[in-house]
Amino acid sequence: MIAPFFKYGLFGDNLGLVVAFAIGIGFGFFLERAGFGNARKLAAQFYFTDLRVFKVMFTAIVTAMLGVYYLAVFGVLDLSLVYLTPTFLLPQMAGGLILGMGFVVGGYCPGTACVGVATGRIDAMVLFLGIFAGIFGFGEIYPLVSTFYASTPMGQLTLPQVTGLPYGVIVFAVVLMALGGFAGAEWVEKRMAARNVEA
Amino acid sequence: MESRTAQPYWNPYLAGFGLGLVLLASFVVMGRGLGASGAFASTITAGLNVVAPAHVANNPAFAEYLKDGTSPLKDWLVFEVLGVFVGGFLSGMLAHRVARTVEKGPHITTSRRLIFAFIGGVLMGVGAKLARGCTSGQALTGGALLNAGSWAFMIMVFVGAYALAYVMRRQWT
Amino acid sequence: MSDLLKNLSINGRLALVAFVLGVVALFAGSPYVGAGAMVNAKDLSLAMATDADQVDVGTLADWIIQGKSNFRVVDLRTEAAYAEYHIPPAENIPVAGLAQSSLLRNEKVILYAEGGPRAAQAWMLLKAKGFKGVYILRGGLEAWKDHVLFPRIPATPTPAQVVDFARAREVSKYFGGTPQAVAGDSAVTAQAAMPTLAMPTPQAAGAGAPKKKKKEGC
Chain W
1 MIAPFFKYGL FGDNLGLVVA FAIGIGFGFF LERAGFGNAR KLAAQFYFTD LRVFKVMFTA
61 IVTAMLGVYY LAVFGVLDLS LVYLTPTFLL PQMAGGLILG MGFVVGGYCP GTACVGVATG
121 RIDAMVLFLG IFAGIFGFGE IYPLVSTFYA STPMGQLTLP QVTGLPYGVI VFAVVLMALG
181 GFAGAEWVEK RMAARNVEA
Chain H
200 MESRTAQPYW NPYLAGFGLG LVLLASFVVM GRGLGASGAF ASTITAGLNV VAPAHVANNP
260 AFAEYLKDGT SPLKDWLVFE VLGVFVGGFL SGMLAHRVAR TVEKGPHITT SRRLIFAFIG
320 GVLMGVGAKL ARGCTSGQAL TGGALLNAGS WAFMIMVFVG AYALAYVMRR QWT
Chain P
373 MSDLLKNLSI NGRLALVAFV LGVVALFAGS PYVGAGAMVN AKDLSLAMAT DADQVDVGTL
433 ADWIIQGKSN FRVVDLRTEA AYAEYHIPPA ENIPVAGLAQ SSLLRNEKVI LYAEGGPRAA
493 QAWMLLKAKG FKGVYILRGG LEAWKDHVLF PRIPATPTPA QVVDFARARE VSKYFGGTPQ
553 AVAGDSAVTA QAAMPTLAMP TPQAAGAGAP KKKKKEGC
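Residue numbers (this note's numbering), protein chains in the order written: chain W, 1 to 199; chain H, 200 to 372; chain P, 373 to 590.
Hints are supplied without guarantee of correctness; some may be wrong.
Using C-beta positions, here's what the derived DEER-type ranges look like [claimed, not checked]:
(1) H:220 to P:450: 44 to 54 angstroms
(2) W:5 to H:273: 32 to 42 angstroms
(3) W:5 to P:468: 32 to 42 angstroms
(4) W:11 to H:289: 19 to 29 angstroms
(5) W:162 to H:206: 36 to 46 angstroms
Lysine-lysine pairs mimicking BS3-like chemistry, simulated, CA-CA at most 30 angstroms apart [what the hints assert, rightly or not]:
(6) P:440 to H:273
(7) P:504 to P:517
(8) P:440 to P:378
(9) W:41 to W:190
(10) P:480 to P:378
(11) W:190 to H:273
(12) P:504 to H:273
(13) P:517 to P:480
(14) W:7 to P:501
(15) P:504 to W:7
(16) P:499 to W:7
(17) P:545 to P:504
(18) W:7 to P:480
(19) P:480 to P:545
For the chain P half of the interface with chain H, some residues (derived, Cβ under 10 angstroms), not all of them [what the hints assert, rightly or not]:
(20) 382
(21) 383
(22) 387
(23) 476
(24) 478
These aren't lab readings, by the way, just hints derived from the structure by calculation. Built from N, CA and C at the ideal position, the CB exists for glycine as well.
Can you build the whole structure from these sequences, using the hints too?
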């Protein structure tokens, strides 16, 4: 076991910030390559004309999931040292719903808005300000929602724990679901394209 | 350079593969995933802390971003998001896609689009705070780690977006 | 077969790789360090030789008083013994339950039992399972009683011992103990009652709030 490097003390906090910057560059680069600096490309997901949000997201999830799994199985990565955000089921689901609505209204999510801003999109800059306003507003109403915010705490919880199935089985299921989803997405895109030609 | 035509976007599966490798690198090197909205919160906290430090200290929603003595901006996510700007700009420039425009459908005025963008941003800020993360920190990172809450979050993002898609169709199609 | 692979698009190849890896994952087992334990003998013997595997009762008492919260204290004794008395922040995990406990590999864990051996065995078990920050409370609960709850001072103390004892009295009172006047005064020792289980309230001034957990994630 030698990874995660940072948690094994291979470098300190300050070098960690440099690493953060480098990883951010990679993140931003591939987001832009994927077309995520463009609100129309992102929103097309919700009108079934271009399903790249789904494709990119799930390819990334499957890639990282398989990587983490095999590195851990081979004893390179200590999975118990990789930070897992604790689950608070209800606030997370409500937050997801609100964020999803914001996604189709605004056209970006926080990460892609940064790429939109970097590539000159004015709508992304306005949305960027909106995020600040939203976070500030949430802070101001926090005393009212703090009970809900802290409700249904379930600790660090993974799907294998929820289902009682071995980790590897869930990995297989996610791969299968993603591949099925990709095939479905290609089919839907073709149909939508044909329909738009007819119309 | 702006006169050069923009290159088409990458094959989404290849871009996703690249994104997945970056995420994996983050796990292996740092033991944590990617994020975005946390950097926004840190930035706001840093700003507020200059204007009204007492207000920040009394509000747990902001105070959690204050760390013993150091600036909230000296944070992993803040540096990561700075990198996102640079990486996004680099990629956009190399492919001639940097342009001062407003992305919108043909049936909506620019000012209405910008109003919607702002409203969308507000919703996103609230949603990301409530869910303790956004599409990067929850859906992508938690998705790859099979985090139960992240998968519930991810499903609800799609539910929320599709639920409002019909109402918002004039903006995009 | 090779022709088929050649004709496959880049997307198809990615999908094939993902599918194969997914199928193999079905049989590849758990990614967590499993029930089988690995022992790094050199590492362990080094920790023992340098005493880096133990924490003094006095140090632990200081940490609790200072309100530090970056560690977990684990009481390895039976539930009944735990209910009777335990060091205030301790949680009860009997040795049999150690393997399934909620302890995390990167947490600082301080183990204690009545005396030494039981905690030492648990320490070995956790170390073998890859826990990084496991420590034994030196002397266990017996030492805690002798030095923290019921400190004593020799009949003819040196000045340094007097100073130490004054400090020990404060610590003892904090945990609801009874400082003893003179060592060997068996009458007093017999009367000393175990303190109640109420967790002492951290001192307001100087103690400081528990260190804020570093924010991670998005």
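Status of the hints after comparison with the structure:
1. The beta-carbon spacing between residue 220 of chain H and residue 450 of chain P, approximately 50 angstroms, falls within the hinted interval of 44 to 54 angstroms.
2. Checked against the hint of 32 to 42 angstroms, the C-beta distance between residue 5 of chain W and residue 273 of chain H comes to roughly 20 angstroms, which is inconsistent with it.
3. As the Cβ distance of residue 5 of chain W to residue 468 of chain P is approximately 35 angstroms, the hint placing it in 32 to 42 angstroms holds.
4. For residue 11 of chain W and residue 289 of chain H, the Cβ-Cβ distance of about 25 angstroms falls inside the hinted range of 19 to 29 angstroms, so the restraint holds.
5. Range check, residue 162 of chain W to residue 206 of chain H: about 43 angstroms between beta-carbon atoms, so the 36 to 46 angstroms window is met.
6. For the suggested pair residue 440 of chain P and residue 273 of chain H, the alpha carbons sit about 24 angstroms apart, so the restraint of at most 30 angstroms is met.
7. As the CA atoms of residue 504 of chain P and residue 517 of chain P are separated by approximately 28 angstroms, the hinted pair is consistent with the 30 angstroms bound.
8. For the hint pairing residue 440 of chain P with residue 378 of chain P, the CA-to-CA distance comes to about 61 angstroms; that exceeds 30 angstroms, so the pair is violated.
9. Distance check on the hinted pair: residue 41 of chain W and residue 190 of chain W sit about 16 angstroms apart at the alpha-carbon level, within 30 angstroms; holds.
10. Only pairs whose Cα atoms come within 30 angstroms are accepted, and residue 480 of chain P paired with residue 378 of chain P is rejected, the gap being roughly 53 angstroms.
11. A C-alpha spacing of about 47 angstroms is found between residue 190 of chain W and residue 273 of chain H, which places the hinted pair above 30 angstroms, so the restraint is violated.
12. Restraint check for residue 504 of chain P and residue 273 of chain H: the C-alpha separation of about 28 angstroms stays at or below 30 angstroms, so the hint holds.
13. Among the hinted pairs, residue 517 of chain P with residue 480 of chain P is consistent with the structure: their alpha-carbon atoms are about 23 angstroms apart, no more than 30 angstroms.
14. For the suggested pair residue 7 of chain W and residue 501 of chain P, the alpha carbons sit about 17 angstroms apart, so the restraint of at most 30 angstroms is met.
15. Note on residue 504 of chain P and residue 7 of chain W: the hinted pairing holds, with a Cα-Cα distance of about 11 angstroms set against a maximum of 30 angstroms.
16. Restraint check: the Cα-Cα separation between residue 499 of chain P and residue 7 of chain W comes to about 17 angstroms, which is no more than 30 angstroms; the hinted pair holds.
17. Of the pairs offered as hints, the one joining residue 545 of chain P and residue 504 of chain P is violated, with about 33 angstroms between alpha carbons and a cut-off of 30 angstroms exceeded.
18. Note on residue 7 of chain W and residue 480 of chain P: the hinted pairing holds, with a Cα-Cα distance of about 14 angstroms set against a maximum of 30 angstroms.
19. At most 30 angstroms may separate the alpha-carbon atoms for a hinted pair to count; residue 480 of chain P and residue 545 of chain P meet this at roughly 26 angstroms.
20. Of the supplied interface hints, the one on residue 382 of chain P holds, with its beta-carbon coming within about 7 angstroms of a beta-carbon of chain H, less than 10 angstroms.
21. A distance limit of 10 angstroms between C-beta atoms decides the matter here; for residue 383 of chain P the minimum to chain H is near 5 angstroms, and the interface restraint holds.
22. With a cut of 10 angstroms, the hint placing residue 387 of chain P at the interface with chain H holds, because the nearest CB-to-CB distance is about 8 angstroms.
23. A cut of 10 angstroms between beta carbons decides the hint on residue 476 of chain P: the least distance to chain H is about 12 angstroms, and the hint is violated.
24. Proximity of residue 478 of chain P to chain H holds as hinted, the smallest CB-CB distance being about 9 angstroms (cut-off 10 angstroms).
Checked against the numbered hints given earlier, the structure breaks hints 2, 8, 10, 11, 17, 23 and satisfies all the rest.
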